[in-house]
Amino acid sequence: MEVGKTRTRWPGATYSRVVPGASGRVLVVDDNKVIRQLIRVNLELEGLEVVTAADGAECLDVVHQVRPDVITLDVVMPRLDGLTTAARLRADPRTRDLPLAIVSACSRGEVEAGVDAGVDAFLSKPFEPSELVRVVLQLVHGRGRGQQPGSAGDEGAGPGGGADGDAERAGRRRS
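Take the sequence shown: its letter number 135 is residue 135 in UniProt numbering, and every next letter is one higher.
A portion of the hints provided could be inaccurate.
Simulated restraints on C-beta separations [as the list claims (entries may be wrong)]:
(1) P129 x R67: 32 to 38 Å
(2) P78 x G47: 27 to 33 Å
(3) S107 x G47: 29 to 35 Å
(4) P78 x S107: 30 to 36 Å
(5) V76 x G142: 27 to 33 Å
(6) R108 x H64: 30 to 36 Å
(7) L80 x L38: 20 to 26 Å
The hints are simulated quantities; they were obtained by calculation from the structure and are not laboratory data. Just so you know, even glycine gets a beta-carbon here, dropped at the ideal spot from N, CA and C.
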């Protein structure tokens, strides 16, 4: 697990007070270090705390210590993939309502499996950093659970919200 050196201390029972004024905490789960760093930098620039994990198994190991507001998951990862991780997070009463976003190059089948697992948002790789920030901030601020980013009622979202059209349609079917 990687923790931003200038923004966080690890471990600590008062984790939420480490970064005064932070607007939320995100656990970024991806097996590609470059992608983790790209996501981290973009979210930290928006004032979010970011903790990273290299796969789903590590995510499940640290999620209760980190207590994130949102988790982003890649789909294809070693040890434990993103869809299985999402299903396990939904099965745990402590993380059942935690907003989850898949950030991955998903097939239609993976999107449908993600919807079935309870994923709240999908962002296709390669992604625009501004779209990543928009989706994560919507989830952090409580507009994600049960409402797809880019759907009616989200200010500033254009048609389709920039996310994959199949994912958007799949998310609306679940709502």
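These are the hints, each one checked on the structure:
1. P129 x R67: 32 to 38 Å: violated, 25 Å
2. P78 x G47: 27 to 33 Å: Holds, since P78 and G47 (Cβ atoms, about 31 Å apart) stay within the stated range.
3. S107 x G47: 29 to 35 Å: holds, 34 Å
4. P78 x S107: 30 to 36 Å: Given range 30 to 36 Å: violated, Cβ gap about 19 Å.
5. V76 x G142: 27 to 33 Å: holds, 29 Å
6. R108 x H64: 30 to 36 Å: Hint holds: Cβ distance 33 Å, inside 30 to 36 Å.
7. L80 x L38: 20 to 26 Å: Since L80 and L38 have Cβ atoms about 22 Å apart, the given range 20 to 26 Å holds.
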